[in-house]
Amino acid sequence: MNKKSKFILQRFVLMVISLFIVMTLLFLLFRIMPGNPASQLVSPRFSEAERQAILRQHGLTKPLHVQYIVYLQNVVQGNLGISFQHGSPVLPFLLNKTLNTLSITVPALFLAFTFGPFIGANFAWNRNENLDSYGTGLVLVAFAAPIFWTGMLSIMVFSFWLGWLPASGMRSATYVETSLVGRFLSVEFLRHAILPIMIFALWRLSQPTLIMRNNMIDLIGSDFIRLKRAEGLSKKRIMYRHGARNALLPLVHYMALAFGFAFGGSIILETVFSWPGVGMAMWTAVRASDYPVAQGAFTIISTAIIILNFLVDVLSVYIDPRVADTGVEA
Amino acid sequence: MPSHRRKFLKRAAITGMFVGLAGCQGNSQSQDSLKSPESDTNYEAVKPVSWLTLSREDNPTYYEEAQQAQRMLEEIGFTFKESVYESGQWVNTLFAKNYDIANIGWSNTVERLFPYYNLYFSFHSQYAGPDGGNFSNFVSKEYDQTVKAFASEMDDQRRKELAYKCQEILAQNVPVAYTTHPSSLIAHNTNQYTGWKPMVGEWAYFNPTTLKTAQHQGGDRTVILATTSPPEQYPNFMSHTGPAAVFLHKLNYDPLVQMSTTGRPLAEGAAESWEVVDDTTIDVKIRRGMTWHDGEPVTPEDVKFTWDFATEHGIPYLASDIEPYDSSEIREGRTVRFNLKNPFAGFISVSLYRVPIIPKHVWDGITQKQNLDHPGQWENPKMTGSGPFKMVNYEPGNRVVFEKHTGHYHANQYDMDRIVYNIYGTNSTAVGDVIGGAATFTQGLSSTDWKRAKNADSTKAIENPSIQANGLFFNTNNEPFNDLLVRRAMAYALNRSVIADTVHQGHAQAAKSPVAPANKEYHKSDVKAYEFNLQQARSLLEKSGFRSDGDKLVKPVNWQPSQELVNVGK
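Chains H and V, in that order, are what the protein sequence lines are.
The first sequence lines up with residues 1 to 330 when you count with the numbering used here.
The second sequence lines up with residues 331 to 900 when you count with the numbering used here.
Worth flagging that the hints you see were computed from the coordinates, not collected in a lab.
Hints may contain errors.
Unchecked claim - Far from chain V, some chain H residues (derived; all Cβ distances over 10 Å): (1) Gln-67; (2) Ile-82; (3) Leu-233.
Unchecked claim - Chain V is nowhere near these chain H residues, computed Cβ spacing over 10 Å in every case: (4) Phe-27; (5) Tyr-68; (6) Gln-85; (7) Glu-129.
As the list claims (entries may be wrong) - For each label pair, taking beta carbons as the anchor points, the in silico distance ranges come out as: (8) Glu-177/H / Glu-404/V: 25 to 31 Å; (9) Pro-63/H / Thr-778/V: 46 to 52 Å; (10) Asn-422/V / Ile-217/H: 51 to 57 Å; (11) Phe-184/H / Thr-621/V: 45 to 51 Å; (12) Leu-180/H / Asn-672/V: 44 to 50 Å; (13) Asn-723/V / Pro-63/H: 36 to 42 Å; (14) Val-187/H / Ser-590/V: 41 to 47 Å; (15) Ile-21/H / Glu-404/V: 44 to 50 Å; (16) Asn-723/V / Asn-214/H: 45 to 51 Å.
All residues carry an ideal CB built from backbone N, CA and C; glycine is no exception.
Given these sequences and hints, build the entire structure.
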């Protein structure tokens, strides 16, 4: 077995162990947390017997180790259980919600990772000039401003004052879904999605911009850029063709992580825009102690992040073979 | 700055000044502090009172009421160790009775106009102790006898007198110092629907009776409720359900008895009429010509099946409504005779209203067919009902869509084709959509959002009188709350109008009973009241043995409660 294969195998085993640990922790975490599915129904006429009946309905009166074994068996078979809140199987429910989430997070990340490096490169090239000083400040403000504030502000302006865009949801309340494609491919969906996409993109813009800016600043002083200048190449050509291409590499790992997190969406973003995504489902499930949905949502997010990390590790070995020698993280 | 905020700040400043002045006065006048310790008695410092409340995120008004009440009680020397929990831990602590004071309020759904819930479950001694719903651990033989008689009294006048007596016993003994009856704040878009006759309580519009009163003005004949409350457990009716889910089921299923907007039982449900044969026997005549959503006829067998099935398998949230049922028999003329285990005066207005009928042909034998332990575990229950609307689409966490059941006996009384229960992330967006016309109405508003709706031309905002009662539940098992004088002292130290004005920004009434004034039939207006009086509060504490040692409240080392309970008599 060569070094590359050994490294990849090692990472694969680590990935499987990580997934097992995460699932075990998730199982325990929700059961350790105070409260249970009966907690949301506090009432004087609600006796202990009735509370136990609810727990029994959901199989929560069985010993913890029995619940754990059943849970692991189900997960291995791709079954994340049945929701306590609505009785439907968790996996299709969450996949459906994940699609809704990805429909705003992916375009937002695409925008952020398309424009961010471009803006960052320009900031670096004009370092300490007005564009850089004010631009960096603005990008930092966009990052520091809480999403619930920028989101509410955008709703106030574009929905309530100007009346241009809807304030909430993914479709109008009376919409009847006929097909999955129809859900996303329509003007109505686009009108609902514009605000959350823009707000999420604005928030995500800072990291690719600033990472690019810093990388470019390091590169600008390097010999090969000086050489290109001496060759008489145009500024644009040096900046984008030679500088930016080299500075982009460190962004790859970050981008993979960002897309991993995109599966989880943003609880705040989805709450502000009443977007029926996985973030809102997760929040509702945690509050209602709907263990299967909450565990399932975190499992999907963790799995996406762990797998994407593994893929980046694999990719790193091919991009930079020294990684397999030294075991250094890409 | 918006005018409501200016008003709020002004009120807060005035309150602050008032409290400040009261404080200054306290320092300068000796009668405004407790007497000093007596030299021949050994004293010990009174421990901080453990106080249980919900987190601000879970319930901002409980949390704020707790803060206000604590500041007020500090005026008579008490200190507090507050436990602010999120709902899970809060419920565990509440049922474990692990607190000296817990501030709670019960939500106000219309069937609670029959105050069985607020009087019986909350104070009967059988629910005292761990895991019971008597959160003050109040134990009084006189009260037990009175409230039991109230629950089983079938004569309206006698029952009302017994409810009055229950309220008087509670007012005299103060297991709970009531603070406020917060109003339900609701707003609707007048370009879509007008004419709403709100039902008492929180679900003022979203109920089959009030929906009949809404008149279409414009738009696509769809009523959209903008809400931030996802149903607790939905759509399987046989699962544990919950308060919001029960209201959703009311559209899809017919109960035997409907409720008027003022809480009187109406023969507008599946029952055409009913007759109380004796204290434990009720005959209900089932309406003719009713059909289930799938076209099958509704029969008396379905009614009997529903109650037998619910009794056999249990529906936790409705357990207390089902519990009085013993058996039923089908008699001539589409009549079902209900036999109760014990006389229960609320069987018609509470049980027959809360438990709807379900189709036998869908549910019979479902546990065997689907291999389930409980019918509540059925993954894809057929939501076949006979109600005025049929649930056609449920997207958990997003919306529930109902379409009119055109075969319903009252279908032509509903001026709408569709009802949508649309779930929002925030109240402010929900209100914004009602104002903008993307939703028809919203409920459970904060006063800020309500004022925003009130100021909009397209919207009418109403303040619905509430039957909710918030209060401080004293754990009467714990010292010093086993002393009536201490409980009364605390009741005197609460300035309820300040709580109503600041926490609820004026949208609440000061409370003195678990039965709110909005409950015109059962509210007793002249129960013993504890008007804000710090001097009286201090004098009662002194009488109980408490003294002020510098800035510390102290009590004798061998302190015993001077009086635990008082009987009201006839």
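Outcome of the hint check:
| no. | hint | verdict |
| --- | --- | --- |
| 1 | Gln-67 | 15 Å, holds |
| 2 | Ile-82 | 6 Å, violated |
| 3 | Leu-233 | 51 Å, holds |
| 4 | Phe-27 | 17 Å, holds |
| 5 | Tyr-68 | 20 Å, holds |
| 6 | Gln-85 | 6 Å, violated |
| 7 | Glu-129 | 40 Å, holds |
| 8 | Glu-177/H / Glu-404/V: 25 to 31 Å | 56 Å, violated |
| 9 | Pro-63/H / Thr-778/V: 46 to 52 Å | 48 Å, holds |
| 10 | Asn-422/V / Ile-217/H: 51 to 57 Å | 55 Å, holds |
| 11 | Phe-184/H / Thr-621/V: 45 to 51 Å | 39 Å, violated |
| 12 | Leu-180/H / Asn-672/V: 44 to 50 Å | 55 Å, violated |
| 13 | Asn-723/V / Pro-63/H: 36 to 42 Å | 39 Å, holds |
| 14 | Val-187/H / Ser-590/V: 41 to 47 Å | 46 Å, holds |
| 15 | Ile-21/H / Glu-404/V: 44 to 50 Å | 48 Å, holds |
| 16 | Asn-723/V / Asn-214/H: 45 to 51 Å | 50 Å, holds |
This entry does not satisfy hints 2, 6, 8, 11 and 12, going by the numbered hints stated previously.
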